[in-house]
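Could you put the whole structure together from the sequences, leaning on the hints where they help?
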Amino acid sequence: MAAHDTIATTASQPVEPLMSVEDLAVSFDNGSGPRIQAVAGVSMSVYPRQTLAVVGESGCGKSVTAMSSMQLIPRPPGRFDSGRIMFEGRNLLELPEREMLKVRGGKIAMIFQEPMTSLNPVYTIGDQIMEAVLLHQAVSPDEAARIAIKAMADVGIRDPEGRMRAYPHQFSGGMRQRVMIAMALACRPSLLLADEPTTALDVTIQKQILELLRGLQQSTGMGMMLITHNLGVVAENADVVCCMYAGRVVEYAPVTELFDRPLHPYTRGLFRCIPGLSELRNRLVTVEEVVTDPREYQGLRSEAGPVVPWWPFMDQSQRPSLDDPSRPYALVEVSPNRWVGCWRTPEVARHPSRPPRIAPA
Amino acid sequence: MATYLLRRLLLMIPTVLGITLMVFLLVALAPGGIGAGLAVQGGQMSDTSKVAQMQAYLEDRYGLNDNVFVQYARWLGRVSPLKFGTTPLVAPTGDLVREPRDLPEPVMTWAFPAPAAFVVQYTVPSGDALIEDFKRLQREAEGTRRTYVGSVRGMKDALADHVRALGAPWTARLEPKGGADPERFRDLSLDGDAPTLVKLRSAAAAMHASWTEAEASRQRATIAFLARPYPAAGFEIIPNAFSLGAPDFGVAFSRNRPVWDLIATALPVTILINFIAFPIIYLVAVPTGVLASVRRGGAFDVISGLMFLLLYSVPVVLTGVFAIGFLANNQYLGWFPVSGLHDSAAATMTFMPYTDVAGTWHRGWLLDMVWHLALPVLCLVYAGFAVLSKQTRAAMLENFSSDYVRTARAKGVPSRDVIISHVLRNSLLPLITMFVGIFPAMLGGSVVVERIFTIPGMGSLVIEAINLRDRELILANTFMISSVSLLALLLADILYALCDPRVAYD
Amino acid sequence: MRGIGAQEAKGFWADAWDRVRRRPGAMLGMAWIAVMGFFAVFAPLIANAHPIRLERLGAEGQVLSVEWPLLAYLSPTDWLLMIATAFGVPWVFFGAGRLGRSGRIGVLIGLTMQAGATIVLAALLIWAAEGSGIESLERLTRLESGPWPLVLASAIIAAVVAIAVPIAAPLARRIGPILGAAALGFVLSWLAGGQSLVNHEQVILDEAAGKVRATWTLIPWSSQYTRSDMVGIPPGTRVADWEKTASFKGTPFGERRVLLGTDAIGGDVLGQMLWACRLSISIGLVSTGISVVLGVTIGALMGFFGGWVDLLLYRVVEIFMSVPTLFVLIVAAGVLPRNTYVMMAIIGFFSWTGAARFTRAEFLKLRKMDFVQAAQAAGLPVRAVLFRHMLPNGITPVLVDASFAIAAAITIEATLSFLGLGPDGQASWGKLLSSATAATGTFVWWLAVFPGLAIFLSVLSYNMLGEAMRDAIDPKLRKAAH
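Residue numbers (this note's numbering), protein chains in the order written: chain C, 1 to 361; chain S, 1001 to 1506; chain Y, 2001 to 2482.
Some hints here could point you the wrong way.
Said to hold, decoys possible - Computed list of lysine to aspartate or glutamate pairs in DMTMM-like fashion (alpha-carbon distance at most 25 angstroms, straight line):
#	chain 1	residue 1	chain 2	residue 2
1	C	K102	S	D1500
2	C	K102	S	E1464
3	C	K107	S	D1417
4	C	K107	S	D1403
5	C	K107	C	E57
6	Y	K2365	S	E1398
7	Y	K2249	Y	E2201
8	C	K207	S	D1403
FYI, nobody ran anything at the bench for these hints, they're computed from the structure.
Structural data, given as structure tokens:
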């Protein structure tokens, strides 16, 4: 899938994406066995003030994508096979370590799933926030402390001056996640990668943290990539949803459209297993029941003609004939701002789609 | 923190008690007991009666006939700061003095009537002369008492000889070890002039003579002692029951010197060697472990791991013998001194090296000691490398994959800083814990090293004590080594508390 | 019921063994241990001052009589070890049948222990009858034959105990081998001599004079045999080339080479080193066995019961941990009788804390696991829960650590022997090493290099084996190795 073909289209967009992942493929060495392909052909983009939710089950490649954009994938065993991640006109995958250090924490910040263990237990909270500030801003330690205090106040920590000298173990999980956010935002990054920031927290704290993130995003105008497997979180917070499975994007759409009318059988399956409060069901439907039903794959059309959604476990007999068996997958824009991962038939290969880009309205 | 320290210090007491009791039981219950060492010495002593005399004196002095736990309690009463038993008194000279003990009764008084009791008149000098006089009289009383106790023992031996000469059925009444309890032979007729009987009679005469002399000395010493009441050493809580005072480790009979003097010269040497060795171990092992973990699976990791495993498998005695043989012995390289802590001329050396007017270089006291300590320290350190670097590596690897390291990287911290200020800083904690494992082993190892290189430390002292079965010295050695070890572990605990903010000691 | 732990453990161990086998270091280590074991068993046949066959010759060279001094010299334990090794080891490796290899190892060890128990029991009964006490302990290795009723009684007692041991196999299948072991134990302790019938020095003189014809072992010195005229001979020297024994030129004795030299009292170094394999191997195994049994028992009690049992026993563990063990060992070895069994006991007694801590930690974990709680809920007695369900699962780290413990025990034995605190009258590598730097100040390199190498290789072998086992078993380390 050629990114070059689409340059003309992107140029016509009014706003440039903050970061765009294009055709990313990452694999890992597996000792004696064959390499493990963590992600392949993944594309997505984030605009300023936009929240891109990346959803999918564990191990589908959500975190690998985010970690790749920070070059935090350990190499070896990891390897970038192809693709690029463009940020401020530069390919993050090829940035030398020295340049990357300025990006990490400075321009792109990241918060993680485990607030309990993500802070270094032997340093004070203040030290850890100030470390980030001192690394990225040419300020004196006193000035850094002031910035750190303000960052802590911004995320709603009471008595920030006093709490600066506290150690992580003296904080609760929700407070630690606030500290993580304060640390991430202290340097005013333009993009925040939030890797399941609320999974380890209980529901009321989850809500607080997400509201906090949303508020901060409004005030600073940063873009956010929110990695989660919680569809409720997606519905309330995301602007655009990127649904992944087995290292591929299976569906990419604005949040309302996706929730109204999911196109890929896997996405449909995901939504169907959510039990509604008003529904009365004998049993819950599993994703498998939906994705193994051949009828689900019929009737999807695009500019290139009929397309068949991509699914790794589809029977050989039901798969369409491919253009190139070594590249079975393509992300096809089936209707404006609706992308679905499809089998790469010769028609699809002839009509390449533009990469997934949904600018904020 | 203070309460924690106090609790730890209090918990050390049962530990020290446990270990000293264990060693006490070992020494007391071992075949031969204290006397076994004397028998060794006796090989060189021409006069066997002197051995018996010494042995009898020791049995009397240490109360070896008592229950072993009573003996231990007595030892403990002297060593512990909270003393039980009679309060010792202190002379103006600072010596601990006690009232001369009563003499044991003569034996076999039914056959050989004891000499009549008598009262000695003695006028003590006044002033400072009194102290000198008392010390002289006390020495005399000790000496005559010892002779008397020995003669009682000689009497028993003579009786046993006589019984053996008589044969069955009398021999059945002998004790298993061959000694004779006079009380069991009251019905034994002592008439006749068998050679053993003649010896028995002369033994009795000797006993009576030495009793008279010892009793007279004792009375004189008692008069001198009572002439001026000496103040009690330490603080009396309940007079003659409980008091507080400095530990009294007793006198090492093998050298006839206070045990504390011997330890005071030996302990600093052992501590010095260990305190040189420890920084070396950490300075070599920690960077190696860090490098190995950073380049995990690389050549440095594999080679250092293998090399340290090889080193770890070399016993200290082997290195010691090889170092002495090939590096120190003049037959081969002869680069290092074979033994000791200093050159014989060390006392006259200047502290620092210098070159005199003639252009001759003098190494000075400090370099001399470094030169002497090089091989012993070498023997002591290398085994620790493997243990510590392996632990460092494992701790580093564990921390490398931790979440907060990922956070630090995501903040944009350069990888060198990540390794040093995040990974290594957290890996220090298990390294401090490792100290707890290494230090006791090192102290034990230094015993061997000191023995090999004849360094006058605790190791040499304890082996000598063992060979002579000098109980006081063995016990005091064990006590001190255990205490040093425990204090070092406490130090490690405090260090841990300072390094890990999560630890709250309340 | 046994299935839960045992089944899992077996597959687990087979898997671990495959990993260990792939490590060349571990295999080299095992090879060296096997060599040591061979010499430990067959040292009396390889290095012995007693000729195998001795022909007394008349004036014209005719054979007057034939003696077998070596056979008379071998003790019951020598015979037992050699028989068990010579027949048992091939059976373990090449035998077939339902048992499987690990089963055959178990049977071999069990039967050898039963026969050995007969011998030891016979010795104890004979001494009890004689009225000699604990001083005779060292004679266990050099037992004289005794009156047959006592020997028979010991054989019966040992067999009854063997029958009573609670293992799964039915009695009908066990009774044959047990009776066989009893018979072997009986015959050995009744017939085997352990006597020294010849004067070696006289035989050598007679041989030189042509009065006897002797067939010697490979190394005609035993560990105890010394000659004052052969002190400090360098390695590889011919006896006749040594100044003080030049008179033996042309005799069989004079033509022999002293392969690794002699020590400071004229004993053969190689002969002593072979005999010392016995001491090292047995001290390593027995003292570690003692410490493992002691440690696992105490650790299991702590981990299973917790509470004040744990609190109290852990204080004891802490006492042992915080005290310089080697120091206390030196004191203990110094004041107790210089005896192999005493040494095994004290090394075992002072090194159980590691096993206890491992077991405690494992049991604390296991206690909360579902299968243990299920077993308790099913109303199984404490003993069954502890030994059938928890022990097979909790003992893994202890067994891995045992290899290191054996290495440590060998080091301690060498150290104590070096300090002159080793067993009396036993050849030991440490003792040889200590004579390298004699009081005279000269350094005898062959007394340092050869025994030193033997100690080093043995310790290294067990350490490498332990390292390989730890890597194979510890999943955390295995993950880190990737």
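How the hints compare with the structure:
no., hint, in the structure
1, C:K102 to S:D1500, "violated, 31 angstroms"
2, C:K102 to S:E1464, "violated, 67 angstroms"
3, C:K107 to S:D1417, "holds, 20 angstroms"
4, C:K107 to S:D1403, "holds, 21 angstroms"
5, C:K107 to C:E57, "violated, 28 angstroms"
6, Y:K2365 to S:E1398, "holds, 21 angstroms"
7, Y:K2249 to Y:E2201, "holds, 16 angstroms"
8, C:K207 to S:D1403, "holds, 23 angstroms"
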